[in-house]
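**Q** What follows is the residue order along each chain.
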Amino acid sequence: MDPQKSGRRRFLTNGATLAGLVLAPSAVSLSSTSVSAAGAGAAADVDDVNSLDAVLYGRRSRFVTTVRSIEGMSHPDVMPPRPNPYRPSARTPVGDLMGIITPTSLHFTTQHFYGVPDINPAEHKLMVHGLVERPLVFTVDELKRLPFVSRIHFLECIGNRPSPNGRSAADTHGRMGCSEWTGVPLSVLLKEAGLKNEAKWIIAEGSEDGKHVKSVPLPKALDDVMVAYGQNGEPVRPDHGFPLRLIVPGFEGIYNVKWLRRIKVVDQPYVTFQEHSRFIGRDPKTQPNSFEFGPKSIITYPSGTHQLPNRGSYVITGVAWSGGGPIRKVDVSIDGGKTYKEAEISGPILSKAFTRFYLPWKWDGEEAVLQSRALDEKGQMQPTEAEYAKYWGLTRQQLYAATPSQLGHCNWILPWKVDRMGKVTNGLPPVGAVVDAHSA
Amino acid sequence: MRTVRSAIVLSLAVWLGAVALAQQAAPQQPPRPAPSPSGLGRAPTANETKAWDISIGPDGAELPPGSGNATQGALVFTQRGCSDCHGPTGKEGPALVLVGGTPTLSTNYFPIAYWPYAPSIWDFIRRAMPYNRPGRLTADEVYALTAFLLYRNAIIQEDDVMDAKSLPKVQMPHRTEYTPPEPWTPATPRPFKIVQ
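Residue numbers (the working numbering), protein chains in the order written: chain A, 1 to 440; chain B, 1001 to 1196.
Excised from the complex, chain B in its bound form (with noise of 0.2 Å):
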């Protein structure tokens, strides 16, 4: 009897545990979204947007934690093969020239000084470099290479160090040149049209 009773307290105990614990871990569960209106699609977990959402904004808002500085990211270029493509340095190529250069009008993509965002450039190493094996770098390696590029193009220090915080603020030199690209609705003109 007193095994039973006992055996009605633990579990009795184990059960208001599993509520508490419930009732603690209720508040870090978002609020569970209305269906959409075809009852289609599902609610992505956690780690799914983790995952997936790469994209990080002008303003840095995504950045994820990390950090590095330019000495670190000098070693990265060289081990992850950056050097390979880019040169010794970055200055030789064949691939794009990361040190130095001017746009020009034949220029697709323009030198890392060019970018009116900082994190754009750590946007792009993470989601595409290495070229033979893109999205394979962690945060503190795509860190370390900004750090370095903005270093050897002169707009930080070599001790910089470069994390979710700093590197929005980063003044890219040509920032001012940059204009936004217009709202564009159905009724917006092309700038140039012949009419007739």
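Just chain A, same shape as in the assembly (with noise of 0.2 Å):
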């Protein structure tokens, strides 16, 4: 391009022409101008979708708003000094998703204690060593030369548990997202490195401060397990363990070690901070299966802090998802349980992943209280609340006390209240004190 013509045009134009000019060199800097000059302004908004930094990485709508929320603090438990980094946990707008698939930006994060760390791709390498024939290093290049896997999969933290005082879907069930992750199935790394007869499990560990880890059991690295690095088409982003993290499909958020630097195969579990808590003192009835998640649903539309603007024709949607497999059958109530009806599926059914559900409904301007419960594959049938206390011989109160991670997965039903104006609250019973530990 005529560098004279750009400039002139430059000259005449305003932003909405920019687009067309992304080829100039010239145009770079005028475009970063433009960037720089974005949110002064209704003018700058509009150079804003046309500028250089959005043809190349896309950018939404100005009018489309949702975003993270930022959780309190993750650790209450845990006082200054904070760590350099640090980095507070954000939920998912649980009541803003469509369809299976949480985008990246907008997909719940937390860490244990510590910050994101900045890694550079080039210099990471995983481990993989202990009860093995052939203790092996990898770089990030060479894993990726591996066959590998690409999976929609959940993510949960253990602390995702409905709360009668949340406001919103975001407060209820915000600690989870969906991604497409793509990596190596663990299984085809063992192989590499060759399995000893006494190999019972893995332990897995990250590179951030602290060095987060968790004990696998090996039937499980072996069934679904991957190193992912890839989510939802592009690198995993740092906040979700660039360049490397464990996907353990269906089980608990935290066995899903990010910025994962080693695999150690070993001959029992290793009790670490993470784990030694969940294993003593307990009832062995009740004592929480740490592993797997068992089937959840929840109603994100509508859903807390919604209006509906009058009555007539809606569609209930929300998602369902089970750590055991695919989900068989929704449900969904507009009278507090009492009655059910079979929701559509809009969308795959896939095993461990959102599984997006909907039913038509006329809002006659009644009051109405909407609920789902989701039945997974192994028949298993999400609880109501007072089904999941009593099984733990505990009261609302203290259902509510507990942390979550001493209950294992919390996955009862959470209705939502529709009143006469259309207003929409949650429908559990308030509770006095919640205690939030966010991760176990």
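Everything labelled a hint here was simulated from the structure, so no lab data went into it.
Note that the Cβ used here is the ideal one computed from N, Cα and C, for glycine as well.
Warning: the hint list may mix true and false statements.
[As the list claims (entries may be wrong)] EDC-like, lysine to aspartate or glutamate: derived pairs with alpha carbons at most 20 Å apart:
(1) LYS125/A <-> GLU1048/B
(2) LYS1193/B <-> GLU377/A
(3) LYS338/A <-> ASP364/A
[Stated by the list, open to error] Here are some chain A residues pointing at chain B (derived, C-beta under 7 Å):
(4) PRO135
(5) LEU136
(6) VAL140
(7) ARG145
(8) PHE148
(9) ASP209
(10) LYS220
(11) PRO269
(12) SER277
(13) PHE279
(14) THR403
(15) GLY432
(16) VAL435
[Unchecked claim] Listing some non-contacts, in silico: residues in chain A with all C-beta distances to chain B over 10 Å:
(17) GLU123
(18) GLN307
(19) VAL369
(20) GLY408
Both chains come to you apart, so use the hints to assemble them.
**A** Structure below.
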């Protein structure tokens, strides 16, 4: 392009035509100026969607403002001095989700005390050692030369407990998301290294400060665990474990070790800091199964803080998932669980992934209590709060005074109440104190 | 000529010496493993494994050399800033209480006395503490801090020396209440389920 002409157009044009100039070097600096001016006013916003940055790495409409919500503090029991870097956890805006994929930018994140490390993938290595024939060190590039899988799986924190005190679906269910993960099956890596007969467990370790570590039973490691380098078609983001993370489908979030640097094959669980408290002094009947999540679902629309504009046609929609495999069926109730109707499934039904459901609904302007329940392929049904509390022998107060990590997967039903004004609020009666330690 | 001959003799001697040294050194090298099926990856060096493998199992098999007792640990506890978060005696907080306490349904992390295995305490201190600069304590410091915490919780004596041999032998008071996680397989049922 003729620079002079380009300059003249630059003089004449507004931001709306900048997209046509991006091939010209002179337009690059122009566009950068436009980007830095963005946010100054409406005109700058118009420039923004046509800026070079927006062309190179897409941008959503300025009318779409959904963001993650920041957790007060994931570990209120741990006080300063804070490590550097430090970063708060963030919740997924569940009430704004569509389909089954959570956009990476909106997917919940958490760390175990420490901040997100800044890792150069060219220098990062993964060691596979312990009870193996050939201890191995792989570079990230080498891992990408091995057979891989791409699978859609939910990720959920054990702290994702339906809370009676939460206003929105982000408050009550924001510690979960669902992504397409791409990576090397761990079984491939363990074959590369060659398992010894005494191998029974693996321990996976991150490279962040604190070196989060978790024991995974070998049968699971060989089943569907993967070392992921891709999330939703691009490299795993730093706050999700760049450049490598473990994906342990259907298991509690804490197993999915981020910034993975080491897999050690061992003969027993290693009873790490994150594990010992889960297996002591508990009645074996109620000992939390600290592995796979049960069936769970939540209505995302209409959900807490939403406002129905008028009576008439709606679709009640939400997501259902289970650590036990695919969802077999989702039922929706508009009368607080007295009666249920089977919901339609709007997309694929994948194992250990969000399944999107909906039910057409004509709101007559009267009070309604909307709730869903999921049934998984193992025949397990999502419990009500009362059923869950009964199993544990706890009152409601005690249920919410316990840390979620001591209860295991908190998968009971959460209803949304629609009042006559169309206002949608949490349908669980409030409780006084909710212990809200984030992760276990 | 003589010079040349002595040079040859000398170089022969050097060569023989080198061969002898190599033979002597050979048994110390681990046998070179067969390459991985894909040919990708490489064997870690001994130093890499030593530096990276910080995992200490329940039986303490991987505990490194070093030692410390509670008196030394009390000093480290202050010097390394542990007391800044856990309080001067480990009781005051604001961070987790390290002395006394009983687990409840509302505690994520159990008090020291309830950890089933003493080597796990060593593992966690080494990998994760102090909070603002983790992973920088020496093995002696970690042994001393572990001894300090065990002593303050009335599990060992003040002058008991903790090292790779003694630490795994410490009898944790609530060890018998610990049930190891069941070995999971894809067929393992969840303990809590409502079946339809």
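**Q** What hint numbers does the structure not satisfy?
**A** 6, 8, 15 and 20
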